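Position chain W against the provided structure of chain R, taking the given hints into account.
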Amino acid sequence: MLSFIGKKLLQMIPMLLLISFIVFGGLQLMDIDPISYMVTPDMAASAENQEALREQLGLNDPFVVRYFNWVKDLLTGNFGYSIINGTSIANIVRTRLPATFELAIIALILSSVIGIGIGILSAIRQNGIIDYVGRVFAVLGQSIPQFFFGICMVQIFAIKLGWLPVNGRTSPGASGLGDAIVHLVLPVLTMTVAMCAVLMRYSRNTMLDVLNSDYIKTARSKGIPEWKVYIKHGFRNAMRPVLVILCFRLPMLIGGSVVIESVFGWPGIGSIITQSVVSGDYPVIMVTTLMVAAAILVASFLVDVLTAALDPRVRLGE
Amino acid sequence: MNNNMDYVLDVKNLSTSFISDRKEIRIVKNVSLRLRRGTTLAVVGESGCGKSVTVHSIVKLMPKNAKVSADHVIYRSAKDGKEYRLDQMEPFGTEMRKLRGAEIGMVFQDPMSSLNPVYKVGDQVAEGLIQHTGMSKAEAQKQVLDMFRKLGIPDPESRISDFPHQFSGGMKQRVVIAIAMICNPDIIIADEPTTALDVTIQAQIMELMKSLQVNDHKSIILITHNMGLVAEMADEVCVMYMGRVMEFGSLEDIFENPSHPYTQALLRSVPVLGLAEGQELGTIPGITPNPADLGPGCEFADRCPFCQDRCRQKDIPRFEVSPGHYVRCLKFDSFQEVD
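Chain order of the listed sequences is R and W.
Take the first sequence: its position 148, counting from 1, is numbered 270 in the working numbering, and each next residue is one higher.
Take the second sequence: its position 261, counting from 1, is numbered 265 in the working numbering, and each next residue is one higher.
If you're looking for bench data, these hints aren't it; they were derived computationally from the structure.
Please note that a few of the clues may not be correct.
What the hints assert, rightly or not - Simulated pairs of lysine-lysine, DSS-like, Cα-Cα distance not exceeding 27 Å:
id, chain 1, residue 1, chain 2, residue 2
1, R, K339, W, K214
2, R, K350, W, K68
3, W, K335, W, K33
4, W, K71, R, K350
5, W, K68, R, K339
6, W, K71, R, K339
7, W, K141, R, K339
8, R, K339, W, K16
9, W, K124, R, K354
All values derive from a computational prediction rather than experimental measurement.
Extracted from the complex, chain R is given alone in its bound form:
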């Protein structure tokens, strides 16, 4: 198992390099001239000045040289600077990432517990009340767009009822756990509902499949209690495909919370991504894209490890 994990980790290195190359190359193709964002209009008039600045920044170096310089900087922790306001990207990431993680992790835990739990229960009691209500909820949760649901929540609970804050991560001047929690409720709820719906449907269907399989009949023929049949023989087998879905939600929670973060004014990575794309802030785009790509790699690594842990055919097949 350890060598399996080691091998999967080593495989990530060339993947990351390839992705960084594509990200770097792709943005070069976009033909953004960073100089035009950096210099004042009167300086732009002088072609000489511009050329001098280019030379100084290394923008005239061959493509490959520029790429390796960038990677070298990344590895030494120098993520570069935003060309819009000159702040260090490392700094942006450091302040923004925890906010995104906080939201993502809480939503992930809540939605997996609720979604998988209800999904499994509805499979066991197929066509029962939980199954029926769960199915209606799952269709609603999947079909209502997140931003719309978020806006509705804000309308109802923040504006009409005034129970919860409208946006932000903390109130100005306030601190403490209570304040953080009230700010979390609505964005977490919005993220959880959508994810819950997916997990619920998925775990219900895989569990139903598993419960129809022959080895469940074998388990029952041994005379073991039904809960053991469900948990020991059903659940573990049903979880393999569900975990794949779950892990690939990780990067979506980090990079894809763009909508949620803008609806709730949440100071995370998602809103930075939108801002930098709109303003052509390419060093920031490169770093954030790379981060999302890295998150996807980590997710697929987790999928591999967890599947191997759950399924001996994967573990021993290697």
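Chain W alone, transformed into the frame defined by chain R:
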């Protein structure tokens, strides 16, 4: 009473129907059969005739949309000498679970899918034993080892911690048999145990089952559509068609004196070695009717060469043509009618 104790399983008028689209479709109708202790009863018939449904109804391993009813399903335990009314038990209640695995073991058709892919085979075999005896895992492992040896699984000490995917089909079926056998049950129900295996392995598995029956005095219900297997294995034979028992009798009764037209047709359609050149294998004309469309009277009427008008009027009773040999056909209405 003593006479009754000979029958380890006694099923009277078992019927099973499935509810599908709010319609109730009768799959098994008034099946009565008895399993004599220490013998093999073969249940034969073409695919879809209700063989599997019958035995699954007996042990109550049925999906939720199934409705099972019976006059009685009695299991007579040799261990405590008691009679158990299976038909009165909750399908997944404690009483039924205590019998399942402990007194009635099951072997299923496809060993490839009958084992849970994520657990070691040894643990899967031990699971039932631990459940029924409460013994420790180490003790159970020892018994599993003994069982593996007895069933001819080579190198049991290391194979016991292998996973199902590391076994061949025949070896997997031995593991499934080990699961059925581990608690030393009286009855083994084998639902087409060799259909998914290739021919040489089939012979090995059947020999194994035969030896279990002879040496350990097990009673076996063997479901199959392979007449060759029946001839080798069975003491008594139950021929089913469209959810009904058409003929029931000893091996000799069925093979040497097949009485029901369906049994006769079935035996004619079995390929035998030394078929004369140009001799055609018998076939049964017509197709199997849809169980939802069956009218009154004999289920085989549409395909029967001896069919008369009276065959289609009402349910055909069973006639006892010789002691223990029952036929459900009006050709034999001169014999004693039994219910």
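inquiry  = Hint by hint, where does the structure go against what was stated? Just the numbers, ascending.
reply    = none
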